[in-house]
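Asks: Here is how the chains run, residue by residue.
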Amino acid sequence: MSVIQTAEMEELHVVGKRVPRVDAWEKVTGKARYSADITLPGTLYAAVVRSPYPHARVKSVDASQAERLYGVEAVVHCFNTEQGPPFNWANDMIQSPPDFPAIRDQQIFERTVRYAGDEVAAVAAVSQEIADEAAALIRVEYEPLPYVVSAEEAMAPGAPLVHPEISPDGNEIGGEIRNLSGDTESAFAQSDAVIEQEYHVPIQKQMQMETQNALAAWEGDGKLTVWSTTQSPTLVQRILAEIFKLPMSRVRVKNGGYVGGSFGVRIGLGAKSEVIAVLLALKTGQPVKISYSRRDDCIASETRHGGTVRMKLGLMRDGTFTALEVRFLLAGGAYALSSGGVSGAVCGRVGSVYRFPNKDIAASVFYTNTTPCGAQRGYGAPQPYFALEQTVSRAAEAIGMDPVELRLKNTVCPGDDWGNPYPCQTTGLNECIRMGARRIGWSELPGILASNAGQRYRRGLGVCCGNHVSSGFPFQIDHSHVFMALLPDGSVQIATGMMEMGPGIKTALCQIAAESVGVALPYVSCTINDSETGCYDTGAQASRSVYTTGHAVMNAGQALRADILKFASEKLGVDAQGLDLRDSVLRAAGGRELATLAQLAKQLDDVSRQLTRTGDYTSYNACSWHAHFADVTVDTWTGEVRVNRVVAVHDVGRAVNPTLVEGQIEGGVSMGIGYALSEEIRYDKSGRQIQDSFHKYMVPMSMDIGEIEAHIVETNEPSGPYGAKGVAENPVGAVPPAVAHAIRNATGVWMTEAPMTPERVLQALDDAGVSPYPLQGTAESGRS
Amino acid sequence: MLTEVTFTLNGKKRRVTAEAGETLLHVLRDTLGLLGVKEACSQGECGACTVLIDGMPVTSCIYPFPKVAGRSVTTIEGLAANGELDVLQQSFIDAGAVQCGFCTPGMILSAKALLDRSPDPTEDEIRLALSGNVCRCTGYTKIIEAVRLAAARKEAQRHVGHTDR
Chain A
1 MSVIQTAEME ELHVVGKRVP RVDAWEKVTG KARYSADITL PGTLYAAVVR
51 SPYPHARVKS VDASQAERLY GVEAVVHCFN TEQGPPFNWA NDMIQSPPDF
101 PAIRDQQIFE RTVRYAGDEV AAVAAVSQEI ADEAAALIRV EYEPLPYVVS
151 AEEAMAPGAP LVHPEISPDG NEIGGEIRNL SGDTESAFAQ SDAVIEQEYH
201 VPIQKQMQME TQNALAAWEG DGKLTVWSTT QSPTLVQRIL AEIFKLPMSR
251 VRVKNGGYVG GSFGVRIGLG AKSEVIAVLL ALKTGQPVKI SYSRRDDCIA
301 SETRHGGTVR MKLGLMRDGT FTALEVRFLL AGGAYALSSG GVSGAVCGRV
351 GSVYRFPNKD IAASVFYTNT TPCGAQRGYG APQPYFALEQ TVSRAAEAIG
401 MDPVELRLKN TVCPGDDWGN PYPCQTTGLN ECIRMGARRI GWSELPGILA
451 SNAGQRYRRG LGVCCGNHVS SGFPFQIDHS HVFMALLPDG SVQIATGMME
501 MGPGIKTALC QIAAESVGVA LPYVSCTIND SETGCYDTGA QASRSVYTTG
551 HAVMNAGQAL RADILKFASE KLGVDAQGLD LRDSVLRAAG GRELATLAQL
601 AKQLDDVSRQ LTRTGDYTSY NACSWHAHFA DVTVDTWTGE VRVNRVVAVH
651 DVGRAVNPTL VEGQIEGGVS MGIGYALSEE IRYDKSGRQI QDSFHKYMVP
701 MSMDIGEIEA HIVETNEPSG PYGAKGVAEN PVGAVPPAVA HAIRNATGVW
751 MTEAPMTPER VLQALDDAGV SPYPLQGTAE SGRS
Chain B
785 MLTEVTFTLN GKKRRVTAEA GETLLHVLRD TLGLLGVKEA CSQGECGACT
835 VLIDGMPVTS CIYPFPKVAG RSVTTIEGLA ANGELDVLQQ SFIDAGAVQC
885 GFCTPGMILS AKALLDRSPD PTEDEIRLAL SGNVCRCTGY TKIIEAVRLA
935 AARKEAQRHV GHTDR
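Protein chains in written order, with this note's numbering: chain A, 1 to 784; chain B, 785 to 949.
Note that these hints are calculated values from the structure, not bench results.
Backbone N, C-alpha and C define an ideal beta-carbon position, used for all residues, glycine too.
Heads up, some of the hints might be wrong.
[Said to hold, decoys possible] Straight-line C-alpha distance at most 20 Å; calculated SDA-like pairs for lysine to any residue:
| no. | chain 1 | residue 1 | chain 2 | residue 2 |
| --- | --- | --- | --- | --- |
| 1 | A | K359 | A | D417 |
| 2 | A | K31 | B | D878 |
| 3 | A | K571 | A | T596 |
| 4 | A | K31 | B | E868 |
| 5 | A | K31 | B | T815 |
| 6 | A | K31 | B | Q874 |
| 7 | A | K17 | B | I877 |
[As the list claims (entries may be wrong)] Across the chosen pairs, the derived CB separations fall in these ranges:
| no. | chain 1 | residue 1 | chain 2 | residue 2 | range |
| --- | --- | --- | --- | --- | --- |
| 8 | A | E242 | B | L912 | 46 to 54 Å |
| 9 | B | T787 | A | S64 | 29 to 37 Å |
| 10 | B | A865 | A | E8 | 43 to 51 Å |
| 11 | A | E570 | B | H943 | 56 to 64 Å |
| 12 | A | T6 | B | G945 | 47 to 55 Å |
[As the list claims (entries may be wrong)] Covered by chain A, according to a simulated footprint, are these stretches of chain B (three or more residues, beta-carbon under 8 Å):
| no. | segment |
| --- | --- |
| 13 | 826–834 |
| 14 | 879–892 |
| 15 | 908–921 |
Model the full assembly from the supplied sequences, consistent with the hints where possible.
Replies: Shown next, in the form of structure tokens:
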């Protein structure tokens, strides 16, 4: 809603404007196409057989009845599929740096299944109905094995091993990640106050609207084309090339035009959708389409990591933080995916918001026989911030200081040692905190609390702040490249390896191109979504699309602009200095129009020339910052929590398109409200996922969201294109602790477990003697 | 078992033959090529497949195809008459209410059903009318703004005597 600048910033012409999305027309008319919409002549349809057991040996697969069914073209399973070198369906497989390689522990089908949902066999048939029927006719003989469904079970001595071939000594995925600095033990001993608390954070699911799906087709010349829903077409091009032993130049990965959301569920492969489709296409010689049902998407594509966070924070009476000790214990699911990356990220997020001279931060992730855990929007942030921000607010109470003042006193400043392996060059966090406090009416809190006494509905305010990255550097190999050409009519065409899953990067890249070259926006087009018509790009993840690919576009555009001005000055016999190219019109220093870009481009073509440039982005990183304030009402009779309003203030460096940035903030807040109040995945005693559909996994609907007030602070990040940093992931992990703090203020109870469902809140109110209607004999329901 | 069903689709009378047990969603997408109707759960829980049947929003993924006999079905493809966007469609663009676009067709149709019967809804009424459509991208904020914008624009059109669409 408002945009505030804290640094001197040049007014730009296209960047910074609320330009309508370039893809909005096709989406509101239903003309936008997604991979789910694509079929080819002769397409076969796939159905998958999944293990009902959380851990089992597959003793035999009898596909004879299925194969006899009319219309069945192939059945593949662990006994007739070659076991190649193991892979990892996450982007980590090829994005992990060489000195910290990803764990590869997956096959397409294996003779051991490790979670309820793990793939056992797949059928390709002439219709989806026949494929489903055939899948039901496949007889699998399992030998069930003992299993573990939580990190605590997995780490117990003598626990059944999920991957004895990878971790023979226990279920820990990789080693413990530990960040140490200073001497926390002495620092705690010398602190005026020490806060210690354990928190429980849930497994969350992306629940993107377009489920995993893929279409694989072998072209006549032996090239493999795969329509995929991946967030990174060129990464999947590379992963598939490696798995199926093809040169990358013989693999093309694209999507139907757009992807229906992702939120991290498919940064690398879309679970096993591509590999199963490719395998069946190989076997049958025909295109094969696989579409995950919503249930398959829930149980067999990656979730966020849940677990336990133990935190200890020390501070002095004047509010100076002295020490931070954190232990993360996360359940990783049945395959490693990005567990290494996430355990590093939780450590990075928790230690980089405030100045702590002494830190001891460690994270461990354990294999469990449950849906594999990987990436979700806010990668590694909701877990630490739920703990850190509540602990900071508890600390404020312990020393009698306002929690907003306490934060302002300790937030990281540029130049501070913040634990990240790159400097903090910009932070608008304090401005975000101050603005948020003003907008929520923080000074009115005492009055609000006073009017709660004896009321059924009690209102409170809460605060949270934090940061997030703008790329994967240096923990991931991270780069983006583009190719830019001036066409003979003055149009500018850019080839990128980006893809559009909703945030609006296609629009933002066009704005950046228009700004950097000086070409009018209608004359700019960008390729996205296709590894063959684009350049190598490590994809739409880590909130990096503008910061990295946008930077490559800006670099190419500025170089192309210089080339154009040089040609113009030679052609027109004028000094290049003072020439200005804007909106496709070239003007002299005084403003006199000299030529249009169309004329210059034609003049180039007349002498058989075309101006082209490549653009590269030099791997780097910057943190974007946020402060959220939540206004919440608790019904003390039912435990229901209503988030009346969230004020979300974000330092994004520069908003390339404020409407798009607001969209990311508002959508992220909604996912955060879900994390805070209703979303969780649990497994029953037989290791099966309970919340495997929309009616069991409660994502916020329109009536569950109150007012969201988004504000933008601009700090002009030197390493970002036009000063821009990321934004998309920040909001998710910010909301839950702000809501928890508001509940504390409203009712006096601290909620140490998310989601803060009515059952949990009511139990906490009952335990604290706050609920006027004591619970009687409610032994099991809602208890964590 | 094949069945022949006569119904009105996006303003045109159609006679379509399909399996009697087919859902309306699959007939619309697979037989009639109307790919703007999206499939996201197949259980009637998310609203992505919403179409209007005699002006009422229906989850086509669990609606038996033969039941449309004699009725009028509207999909997102039926909204832009003569290439000109419906007020709601334009408002969704202008308010920034579109991100991934997968919920958009169903969301617009649910909003249309609301505005057609209740031209001046409150924010609560809008949220209630859209409460069967999941959006995972927008947080609903700009979608609500788009519907209010459309309602205001339609109101303005009525005052100037334009044909209501």
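Asks: All the hints need checking, so say for each whether the structure fits it.
Replies: Cross-check of the supplied hints:
no. : hint                        : in the structure
1   : A:K359 x A:D417             : holds (12 Å)
2   : A:K31 x B:D878              : holds (18 Å)
3   : A:K571 x A:T596             : holds (13 Å)
4   : A:K31 x B:E868              : holds (14 Å)
5   : A:K31 x B:T815              : holds (17 Å)
6   : A:K31 x B:Q874              : holds (15 Å)
7   : A:K17 x B:I877              : holds (15 Å)
8   : A:E242 x B:L912: 46 to 54 Å : holds (51 Å)
9   : B:T787 x A:S64: 29 to 37 Å  : holds (34 Å)
10  : B:A865 x A:E8: 43 to 51 Å   : holds (50 Å)
11  : A:E570 x B:H943: 56 to 64 Å : holds (59 Å)
12  : A:T6 x B:G945: 47 to 55 Å   : holds (50 Å)
13  : 826–834                     : holds (count 5)
14  : 879–892                     : holds (count 10)
15  : 908–921                     : holds (count 11)
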